[in-house]
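Given these sequences and hints, build the entire structure.
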Amino acid sequence: MLFNSIEFVFFFILVTCMYFLLPHRYRWMLLLAASCYFYMAFVPIYILILGFTIIIDYIAGILIENAAGKKRKQYLIMSLVANIGVLAVFKYYNFINENLTPLLQSVSIKNPAPFLKILLPIGLSFHTFQAMSYTIEVYRGNQQAERHFGIYALYVMFYPQLVAGPIERPQNLLPQFRQKFNFNYDRVVQGLQLMLWGIFKKLVIADRLAIYVNAVFNNAERHNGTTLLVAAIFFTIQIYCDFSGYSDIAIGAAKVMGFKLMTNFNRPFFSKSIAEFWKRWHISLSTWFKDYVYLSVGGNRVAVPRWYFNLFIVFLLSGLWHGANFTFIIWGAINAFYLIFAIATKKFSSKIEKFTGLSKVPKLNTALQILLTFSLTCFAFIFFRANNVQAAFLIIKKIIFQHGPLFFENASMLLFSLMGIFFLFLAELKKEYFDDKFSLFHHEKWLVRNLSYAMLIIIILVAGVFDGGEFIYFQF
Amino acid sequence: MFHPFLDKIKARPIPYFFTKLFIFLLLVFAIDFGVGQLLSYFYFKQKSGVEYRTTYSINKTKEDILIFGSSRANHHYHPEIFESRLHMSYYNAGRDGTSIIYHYALLKGVLKRYSPKIIILDIVNKEFQKNKDSYEKISPLLPYYNSHPEIRSIVQLRSRYEKYKLFSKIYPFNSAIFKIAMGNAGSSKKGSSDVQGYIPFYKVWDQPITKYISTVTYETDNKKIECYEQFIKDCNKAGVKLFVFVSPYYGISGHVDYSFLIADSIAKKHGIPFFDYSNTELFMSQRSYFADIRHLNDEGAKVYSNIVIDSILKTQ
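Listed in order, the protein sequences are those of chains A and B. For the first sequence, position 174 matches number 174 in my numbering, and the numbering has no gaps at all. Add 1000 to the 1-based position in the second sequence for my numbering, that's all there is to it.
What the hints contain is simulated information worked out from the structure, not anything from laboratory work. One thing to keep in mind: the hints can contain errors.
[Said to hold, decoys possible] Okay, derived cross-link-like pairs now, BS3-like style, lysine-lysine, Cα gap no bigger than 30 angstroms in a straight line:
no.	chain 1	residue 1	chain 2	residue 2
1	B	1112	B	1130
2	B	1010	A	445
3	B	1020	A	397
4	B	1020	A	430
5	B	1169	A	445
This is how it looks when you write it as structure tokens:
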């Protein structure tokens, strides 16, 4: 069930009303049943995979807590192997197999492993990582093992964040299922407002840009560099609006019922460096990798070459997390390179700023840093979106060498895209630098405030794409 | 007006929330109604552009010959040739990117008013292929939903919630605001880009002939096939002479498209002439007749229109 569907509107209203009508002790049952229904609306049979990991991790959590010494580690490894095993089978098996075949053929060995005709379960990487987070935290002693199976299952399956995050930590989410939330007017209104903003980002901006991006990226060989450059910029904005739009709807839907999910995006396009970008982009995944991989292998408290290696590995894994394709791996590697390069040349960059006098003009310096970071991000996202590695290199080659007139099927489509980007830019700029200043959406007068939100709905009706597809991150 | 009441119930959050929500929704509906009416006014006030041509096709046509189909219908049937050789009036109702579902809805709108003497339906390869996109592309019919009950069942094929979405007065004009603006701006100009609905292409294709990859069979959409058959039945019932054509492509597929086979057999079943010119020698050897691999240019359209008329006359 997609957040941008009419079915979800009915589902959300029904579940939320029932949630507040039910006595607290029955609410977890309602949420669990609703979450199962929500997930089964995609491909019903895949709930069994979810059920498998839930049972494994539930048992593993209790075993880890009850055990001592080496046993604890063994149980943790058992749980991690089960989770990663599911990921490996459904997400990476065919990819590995496909790349193994030519390797084996080169030494005259026929690959005996068959290709599996399986669909990737929706949001597999998200709920698997959330489940792993639980057993790791229990192992580390930061979280008590959850004895209530239903509550634990709900932790993994909570419908707002089940298929595309935010990837929650047990310390934040689990206790909230035991908390009684009464109907709170301000919280409900804020949640609905956040959902509306998420829908706006998805329908008005992301799905609109997707029309152009898909037309260009899927026929890269037919387009010139100018068009491909615009498509690359559009894709960067599209994926942000698509994913952060989803997060806003998820966080908003949870907030209406009283739950507080973690922030997943913090206006990443105002980042002044790639390091800052990763603190603002997909925060729940970045912090997951930081907490459970980067710091576990030593983080930056190691020799410099090892530190660089740690960064590289983490970003490579992050790329692989997104999909079983070399395009994602290269995307991760490019981001790792950006970070390592920035660290290695930090002193040199400061010298350049002083030499050019940019340090004396902080606003211009900030603007240039933001522009550079955005450009680097756009460049990396070419690999993320390209249909394959060859296409990505062709796109880059064309962007550099082959310019020409900009392609657009009709002016209307381009105007809608630019209007959406402009609106987003204004909203994010205001939030980033002038949050305490005049606001239509938080105006003291009820009528102004409500007229602003009503106009947001009107813009969605006028300019939203109602036939758009699912959220990009569902496939991960 | 609401303030004393709202103050009274403020201490009870749920009634307070629903009261405010109700007022907010009233506000949204009021703006939606106002903006929707405004868009509707300007939509139907257009005197040029693609939206205008759809309005004209559904509401105003009275010509003897009507052309139905997608972009290939729109660019391939030359009005001058038809009018001069058949001595009948002509209008081209073809629209880019549309499928048989759209053509059938348009036909229903036309037949409600009058019966043209001749209708030419141009079909394209993969016409009956199962494709979600085809249903999205009937959105140009949304503005006619309220005033044309005969097309409602077809519009509702878009989704099962379509009739609820259409409670909004803006929704039928979704994504059309700039086109409406351009259509109205164009109304002050003397002429428009089309000639009786026909839009000529003047560019000449400069690439060698290609062998395009086309799957031999594919999953077909029964609803599309039903629309096609119903199109034929409705024309027969109204006494309209219907001719189904496949116009030329600049490419070699190596086989007859599956949809053409289906279209041919259904046409034969109902005694309707079916002509397939998709792989005609004359056009395959003449790059200068094409604007691109799927579309003839104006010169090609003239040549092809003469062939079409010859075919029609042979059936008399």
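The hints, checked one at a time:
Of the pairs offered as hints, the one joining residue 1112 of chain B and residue 1130 of chain B holds, with about 29 angstroms between alpha carbons and a cut-off of 30 angstroms not exceeded. This hinted pair checks out: residue 1010 of chain B and residue 445 of chain A have alpha carbons roughly 16 angstroms apart, not beyond 30 angstroms. Annotation: proposed proximity of residue 1020 of chain B to residue 397 of chain A is violated, straight-line Cα distance about 56 angstroms (limit 30 angstroms). For the given pair, residue 1020 of chain B sits about 27 angstroms from residue 430 of chain A by alpha-carbon distance, which is consistent with the 30 angstroms threshold.
Among the hinted pairs, residue 1169 of chain B with residue 445 of chain A is consistent with the structure: their alpha-carbon atoms are about 28 angstroms apart, no more than 30 angstroms.
In summary, the one numbered hint that this structure violates is 3.
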